[in-house]
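Based on the provided sequences and hints, a complete structural model is requested.
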Amino acid sequence: MARFMPLDEAVRENLKDGDTAAFEGFTHLIPTAAAHEAIRQGFRDLTLIRMTPDVVYDQMIGMGMARKLIFSYAGNPGVGLLRRLRDAVENGWPRAVEIEEHSHAAMANAYEAGAAGLPCAVFRGYRGAELARVNPNIKSVICPFTGEELAAVPAVRPDVTFIHAQKADRKGNVLVEGIVGIQKEAVLAAKRAVVTVEEVVEDFSGLHPNLCVLPHWTVTAISVVPGGAHPSYTHGYYARDNAAYLEWDEVAADRDRFRGWMEENVMKAGPDDFAARVAGLRAA
Amino acid sequence: MGDFTPNEMMTIAASRALTSQDVCFVGIGAPSAACNVARLTHAPDITLIYESGTIGTAPDVLPLSIGDGELCDTALTTVPVPEMFRYWLQGGRITIGFLGAAQLDKYGNINTTVVGDYEKPKVRLPGGGGAPEIATSSGEVYITMAQSKRGMVERIDFYTSFGHGEGGDHRKRLGIKTKGPTLLITDLAIWKPDPETKEFTVVSLHPGVTREMVQETCGWKVKFAEKLEETPPPTVLELSTLRDLKARTDAAHKGGAPAAKRGAKDG
Numbered sequence: 003m004a005r006f007m008p009l010d011e012a013v014r015e016n017l018k019d020g021d022t023a024a025f026e027g028f029t030h031l032i033p034t035a036a037a038h039e040a041i042r043q044g045f046r047d048l049t050l051i052r053m054t055p056d057v058v059y060d061q062m063i064g065m066g067m068a069r070k071l072i073f074s075y076a077g078n079p080g081v082g083l084l085r086r087l088r089d090a091v092e093n094g095w096p097r098a099v100e101i102e103e104h105s106h107a108a109m110a111n112a113y114e115a116g117a118a119g120l121p122c123a124v125f126r127g128y129r130g131a132e133l134a135r136v137n138p139n140i141k142s143v144i145c146p147f148t149g150e151e152l153a154a155v156p157a158v159r160p161d162v163t164f165i166h167a168q169k170a171d172r173k174g175n176v177l178v179e180g181i182v183g184i185q186k187e188a189v190l191a192a193k194r195a196v197v198t199v200e201e202v203v204e205d206f207s208g209l210h211p212n213l214c215v216l217p218h219w220t221v222t223a224i225s226v227v228p229g230g231a232h233p234s235y236t237h238g239y240y241a242r243d244n245a246a247y248l249e250w251d252e253v254a255a256d257r258d259r260f261r262g263w264m265e266e267n268v269m270k271a272g273p274d275d276f277a278a279r280v281a282g283l284r285a286a
Numbered sequence: 059m060g061d062f063t064p065n066e067m068m069t070i071a072a073s074r075a076l077t078s079q080d081v082c083f084v085g086i087g088a089p090s091a092a093c094n095v096a097r098l099t100h101a102p103d104i105t106l107i108y109e110s111g112t113i114g115t116a117p118d119v120l121p122l123s124i125g126d127g128e129l130c131d132t133a134l135t136t137v138p139v140p141e142m143f144r145y146w147l148q149g150g151r152i153t154i155g156f157l158g159a160a161q162l163d164k165y166g167n168i169n170t171t172v173v174g175d176y177e178k179p180k181v182r183l184p185g186g187g188g189a190p191e192i193a194t195s196s197g198e199v200y201i202t203m204a205q206s207k208r209g210m211v212e213r214i215d216f217y218t219s220f221g222h223g224e225g226g227d228h229r230k231r232l233g234i235k236t237k238g239p240t241l242l243i244t245d246l247a248i249w250k251p252d253p254e255t256k257e258f259t260v261v262s263l264h265p266g267v268t269r270e271m272v273q274e275t276c277g278w279k280v281k282f283a284e285k286l287e288e289t290p291p292p293t294v295l296e297l298s299t300l301r302d303l304k305a306r307t308d309a310a311h312k313g314g315a316p317a318a319k320r321g322a323k324d325g
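From first to last, the protein sequence lines stand for chains A and B.
Residues 3 to 286 (our numbering) are what the first sequence spells out, left to right.
Residues 59 to 325 (our numbering) are what the second sequence spells out, left to right.
Treat the hints with care, as some may be off.
Said to hold, decoys possible - No more than 27 angstroms apart at the CA atoms, straight line, and that leaves these computed lysine-lysine pairs for BS3-like:
1) A/141 with B/178
2) B/281 with B/230
3) B/230 with A/141
Unchecked claim - Where chain B lies over chain A, by a calculated footprint (3+ residues, C-beta under 8 angstroms):
4) 184-192
5) 270-278
As the list claims (entries may be wrong) - Chain A is faced by these chain B residues, among others (derived, beta-carbon under 7 angstroms):
6) 110
7) 111
8) 114
9) 127
10) 182
11) 216
12) 232
13) 236
Derived by calculation from the structure, the hints in this document are not laboratory data.
C-beta atoms are modelled at their ideal positions from N, C-alpha and C, and glycine is treated no differently.
Below you can see the structure in the form of structure tokens.
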């Protein structure tokens, strides 16, 4: 049953050292505010899952919070490589990170299997792909009806999933729209789910009947954080801060500059700072 | 209009390979520019699909990421990511997968995972994303990249996305029923696989490009078709369409201009 609470409480109650955690968002609706709160609270030894780890995972890895990363594309979209992740993988700084690497098709299927309560996902994939050689969690099964060999990967079942969404109603039902990505599957696959939203509305009456709504009883905690996806965006509220993604490439290039930036913009900041960051990105 | 850069020629030559009948799964970067130039010139009815779930999208500026709001705002529909990969890609509804590459070999195998050893990489690249399955589930695959000895290599460090493997009927032997890479467009030339060996062979040189220039920027010994053509130069329309698109894109990304259309697609 969804409970409304401040973000610091929601993170403290639902994330623990050593957890397997997904902060999901497919370019759109990335739960940056929740990730920054987790950074401030200093969790360690996390297994981080995400299809497209980008800037916030670069930040968490650079702060030494992750033991392992399960992912399918680790880049700064449209900009380049993730420099803190590279430093961790190539040089073990600030600590070595174990990697379990998949394709998008595999991760999407694995989340869906998790949401569906299945132990594994089966799909036509990884043919001729070398990831199957380096990732022991990529196996194959034979279709009992046709004899076709298909790829199999274990279901993704996070201890906790964090997502950002447009809005909740007073009961705690959550509406996600635009590029809905993998959010619904990531919430339903997880034991606990924390959602940050732009706003709370009285109720969802009058909306299109097929919108993506997560019923309040699928969500553990909701925190209202306007701008909470920045520098990602929230469809209908504010645009993606592409300039910030370009800037991150420079910030993350240097260890000291990275630490300074984190101190200034994350450690000394809070959830309330996000609204101002998107003020110039809102539609007129 | 005689003045154009090799990169502009590459994008325009790539755009010409697409038609209004195609359903194209678009990779970010060079493929995205080519696909949108095609849509804005000779292929207005092409269906462009980005892996974020946007189907039939028509962005006014090139997206920086595969999930920019512009893609969703202008799409016919936007589906969840699992549906994208299951129903639309795996389901066999994509005619062309359009990919870029960090490293490419002569059989169209692509590496976007690591430079060096996987366990101890010299450079950790972003990884495969959608590409491993785009490469095997799309009807055929077009590849576009600028030529360099670092990028076009005799042997790639990691087989992220399977092309023709060791050549010949390697795809068939693995049970892959799609055609794989059928076209490579670089900043210097157009390449097609040999019908038997599947080795990429230069079939057309861009204007002003020599065989030596192609060989000097390629890490394997280049084969040229017996009848070598010259790529027609960009037309005035193609070049102005590409340059306008790039100018709009630069202005949008650098300025951080508000692009969210509040209520545009709300229910």
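These are the hints, each one checked on the structure:
Proximity of residue 141 of chain A to residue 178 of chain B is assessed by CA-CA distance (about 23 angstroms); at most 27 angstroms being required, the pair is judged to hold. Between residue 281 of chain B and residue 230 of chain B the CA atoms are separated by roughly 24 angstroms; this keeps the pair inside 27 angstroms, and the hint holds. Annotation: proposed proximity of residue 230 of chain B to residue 141 of chain A holds, straight-line Cα distance about 20 angstroms (limit 27 angstroms). As drawn, the region 184-192 of chain A meets chain B at 3 residues by the rule of a beta-carbon pair under 8 angstroms; at three or more, the given contact holds.
For the region 270-278 of chain A, the assignment as covered by chain B is violated, since 0 residues bring a beta-carbon within under 8 angstroms of that chain's beta-carbons and 3 are needed. Taken as an interface hint, residue 110 of chain B checks out: its beta carbon lies about 5 angstroms from the nearest beta carbon of chain A, inside 7 angstroms. Of the supplied interface hints, the one on residue 111 of chain B holds, with its beta-carbon coming within about 6 angstroms of a beta-carbon of chain A, less than 7 angstroms. Taken as an interface hint, residue 114 of chain B does not check out: its beta carbon lies about 14 angstroms from the nearest beta carbon of chain A, beyond 7 angstroms.
At a threshold of 7 angstroms, the smallest CB-CB gap from residue 127 of chain B to chain A is about 6 angstroms, leaving the interface hint in force. Among the interface hints, the one on residue 182 of chain B holds; its C-beta lies about 5 angstroms from the nearest C-beta in chain A, closer than the 7 angstroms criterion. For residue 216 of chain B, the shortest C-beta to C-beta distance to chain A is roughly 5 angstroms, which falls under 7 angstroms, so the interface hint holds. Checking residue 232 of chain B against chain A by beta carbon gives a least distance of about 5 angstroms; that is within 7 angstroms, so the hint holds.
At about 10 angstroms, the closest approach between the beta carbon of residue 236 of chain B and any beta carbon in chain A exceeds 7 angstroms, and the interface hint on this residue is violated.
Hints 5, 8, 13 from the list above are not met by this structure, while the remaining hints are.
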